[in-house]
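*Asks:* So the sequences go chain by chain: A and B.
Counting from -7, one number per residue, gives the positions in the first sequence under my numbering.
Counting from 1091, one number per residue, gives the positions in the second sequence under my numbering.
Honestly, the hints are just simulated from the structure, not real lab data.
Among the clues, some could well be false.
[Stated by the list, open to error] With a straight-line Cα cutoff of 25 Å, these simulated BS3-like cross-link-like pairs (lysine-lysine) come out:
1. B:K1233 with B:K1315
2. B:K1250 with B:K1149
3. B:K1250 with B:K1233
4. B:K1247 with A:K36
5. A:K22 with A:K36
6. B:K1247 with B:K1233
7. B:K1261 with B:K1247
8. B:K1145 with A:K53
9. B:K1250 with A:K22
10. B:K1145 with A:K146
11. B:K1149 with A:K146
12. A:K36 with B:K1250
13. A:K22 with B:K1149
14. B:K1274 with B:K1261
15. B:K1223 with B:K1315
16. A:K124 with B:K1145
17. B:K1247 with B:K1223
18. A:K53 with B:K1315
19. B:K1223 with A:K53
20. A:K124 with A:K146
21. B:K1261 with B:K1315
22. A:K124 with B:K1149
23. A:K36 with A:K53
24. B:K1247 with A:K22
25. A:K(-6) with A:K53
26. B:K1250 with B:K1274
27. B:K1223 with B:K1250
Single-letter residue listing:
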Amino acid sequence: MKRQEFEEAALPHLSEIYRTAARLLADSTKADDVVQDVYLQAWKSFDRFEVGTNCRAWLYKILFHVVHHHRRKWFNARMVKESDDVLDQVAASAEPIAECLTDEEILGALDRVPQDFRAVVLLVDVEEFSYKEASGILNVPIGTVMSRLSRGRKLLREQLEETAQSYGIGKGKLEGRTA
Amino acid sequence: MKLVQFGDNSCARIRRYVDSYINNELLVETNHEVLRHLETCPACAAEVESRTRLKARLKGAVQNQSVPEDLQARIRTVLREDSRSSFAWTRWVSAAAAVLMVAGGLWFELARWTRPALPDLADRRGQDVFIQKVSASLSAVLKVGLGDHIHCSIFRKYPKNPPSVDEMAEKLGPAYQDLVPLVKARVPEGYQIILAHQCGFQGRRFVHLTLSNGSSLLSLVITRKQTGESMQALTVSDHASGVPVYQAAAQTYDVAGFETDQFLAYVVSDLGARQNLQIAYVLAPSVHQFLAAVRG
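Please put together the full structure from these sequences, using the hints given.
*Replies:* Quick look at the structure:
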């Protein structure tokens, strides 16, 4: 049965799709709606999906399509202009803050990274898609993936440092706090 | 892969490639250069360590987010409803073609046989038409239960997390709040009450509990009898500890009903006739006893 085939192929990826959507949108309620839309659209276009190919990447592509579709409605998209000198910048040395912050604080910092950059960080660093796969999912050139990733990681580190400093655990004040 | 030559200011330059190093994206030669630098530079080594830990923490934080327990069930419901609509549409087209070829007189028979497409959540009028069409073959007394099930359980977007037992009890009111534990204790394993409240449909008030087994929705619908309403004219499908249970199918739904002097009660689902009747059989005696004791 076709629907059973679809469910067997697509539903195992539900949790990661939801989690990515939740971070991409920084809103679990919107993520819930978006994920339902993703699965409905995937189901409607399942005829065009070639069984045996990368179902996970296909679902992510649909996820970004759906998010893009809702974007105007939901976001006053705060775009950060990408500049060519991004890769030439030397990131400030990051404090070892990873152990000092909770999951919620790390996710909060990630949410403050502009969406285009956050998307690439989520795809490459969290979901471990290759640059090529991320390029296909986002429909942008590989070079753009690489520059957004570099910028996204740097912005995330900056946000984490700000968070850490706001708790008074900036440079040299890391002791006494656990993740 | 990137090939980088390190010379003066190598600390500054290596920082640009730390992420590529962590992700194993550098050429072997460059990788060796980075490694050599890290052996003699505690600051850059600490930077690598810090970013590696950060990447792991980020991944862990995203993956530790909880996923709504009923999300999969809701998606299955959406898919199932869409399948039915599409299937109905396909059949509608086929039927229409056949009718054109054969005779106009067959049209109504085929149309009656075909389930209408599920209207949008915001399309109230479309929903009423849908309910009318789906329940057309039922007796009037059973239409009451099916109508509220479709109106209130199917045309609904459920919250991510079901309300708590206390919230449901509050929405049911003091007279009916004990139905929640009563039903919860009797339904088969795997069923969860996801909604319990009082609602209105077509001028009637209902006490309504919606349950989900992860892929299907089932309703226990209760309403006060109006003048002359009774199920006694229907054919009994089963007796549950002396309580007659009447069941009929309406397209993909099955409606099981039982009654007290004052109330009509229904178990409605698309689980199939056998399973729907089994659940009605399990619930009927205790719900019947509960309703018989309701005063006022």
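*Asks:* Hint by hint, say whether it matches the structure.
*Replies:* Here is how each hint holds up against the structure:
Straight-line distance between C-alpha atoms of K1233 of chain B and K1315 of chain B comes to about 13 Å, which keeps the hinted pair within the 25 Å bound. As the CA atoms of K1250 of chain B and K1149 of chain B are separated by approximately 23 Å, the hinted pair is consistent with the 25 Å bound. Taking the CA atoms of K1250 of chain B and K1233 of chain B, the gap is about 30 Å. The hint is violated against a cut of 25 Å. Distance hint between K1247 of chain B and K36 of chain A is fulfilled; the C-alpha atoms sit about 20 Å from each other, no more than 25 Å.
With a C-alpha separation of about 21 Å, the suggested pairing of K22 of chain A with K36 of chain A holds against the 25 Å cut-off. Distance restraint check for K1247 of chain B and K1233 of chain B: the Cα-Cα separation of roughly 23 Å lies within the 25 Å cut-off, and the hinted pair is therefore satisfied. Restraint check for K1261 of chain B and K1247 of chain B: satisfied, since their Cα atoms lie roughly 18 Å apart, inside the 25 Å limit. Restraint check for K1145 of chain B and K53 of chain A: the C-alpha separation of about 23 Å stays at or below 25 Å, so the hint holds.
Using a Cα cut-off of 25 Å, the hinted pair K1250 of chain B and K22 of chain A holds, with the two alpha carbons roughly 10 Å apart. Restraint check for K1145 of chain B and K146 of chain A: satisfied, since their Cα atoms lie roughly 12 Å apart, inside the 25 Å limit. Distance restraint check for K1149 of chain B and K146 of chain A: the Cα-Cα separation of roughly 16 Å lies within the 25 Å cut-off, and the hinted pair is therefore satisfied. Among the hinted pairs, K36 of chain A with K1250 of chain B is consistent with the structure: their alpha-carbon atoms are about 24 Å apart, no more than 25 Å.
Between K22 of chain A and K1149 of chain B the alpha-carbon distance is near 21 Å, which keeps this suggested pair within the 25 Å criterion. Simply put, K1274 of chain B and K1261 of chain B have alpha-carbon atoms about 16 Å apart, close enough for the 25 Å limit, and the pair holds. At most 25 Å may separate the alpha-carbon atoms for a hinted pair to count; K1223 of chain B and K1315 of chain B meet this at roughly 24 Å. A C-alpha spacing of about 20 Å is found between K124 of chain A and K1145 of chain B, which places the hinted pair at or below 25 Å, so the restraint holds.
Only pairs whose Cα atoms come within 25 Å are accepted, and K1247 of chain B paired with K1223 of chain B is accepted, the gap being roughly 22 Å. Distance hint between K53 of chain A and K1315 of chain B is unfulfilled; the C-alpha atoms sit about 53 Å from each other, more than 25 Å. Between K1223 of chain B and K53 of chain A the alpha-carbon distance is near 38 Å, which puts this suggested pair outside the 25 Å criterion. In summary, the hint linking K124 of chain A to K146 of chain A is supported, as the alpha carbons are separated by about 21 Å, within the 25 Å threshold.
In summary, the hint linking K1261 of chain B to K1315 of chain B is supported, as the alpha carbons are separated by about 21 Å, within the 25 Å threshold. A threshold of 25 Å between alpha carbons decides the hint, and for K124 of chain A with K1149 of chain B the separation of about 20 Å falls inside it, so the pair holds. Between K36 of chain A and K53 of chain A, the direct Cα distance comes to roughly 15 Å. Compliance with the 25 Å bound is thereby established for this hinted pair. With a C-alpha separation of about 13 Å, the suggested pair K1247 of chain B and K22 of chain A falls inside the 25 Å cut-off, and the hint holds.
Using a Cα cut-off of 25 Å, the hinted pair K(-6) of chain A and K53 of chain A holds, with the two alpha carbons roughly 21 Å apart. At most 25 Å may separate the alpha-carbon atoms for a hinted pair to count; K1250 of chain B and K1274 of chain B meet this at roughly 20 Å. Restraint check for K1223 of chain B and K1250 of chain B: not satisfied, since their Cα atoms lie roughly 31 Å apart, outside the 25 Å limit.
When held up to the earlier numbered hints, the structure conflicts with 3, 18, 19, 27 and fits the remainder.
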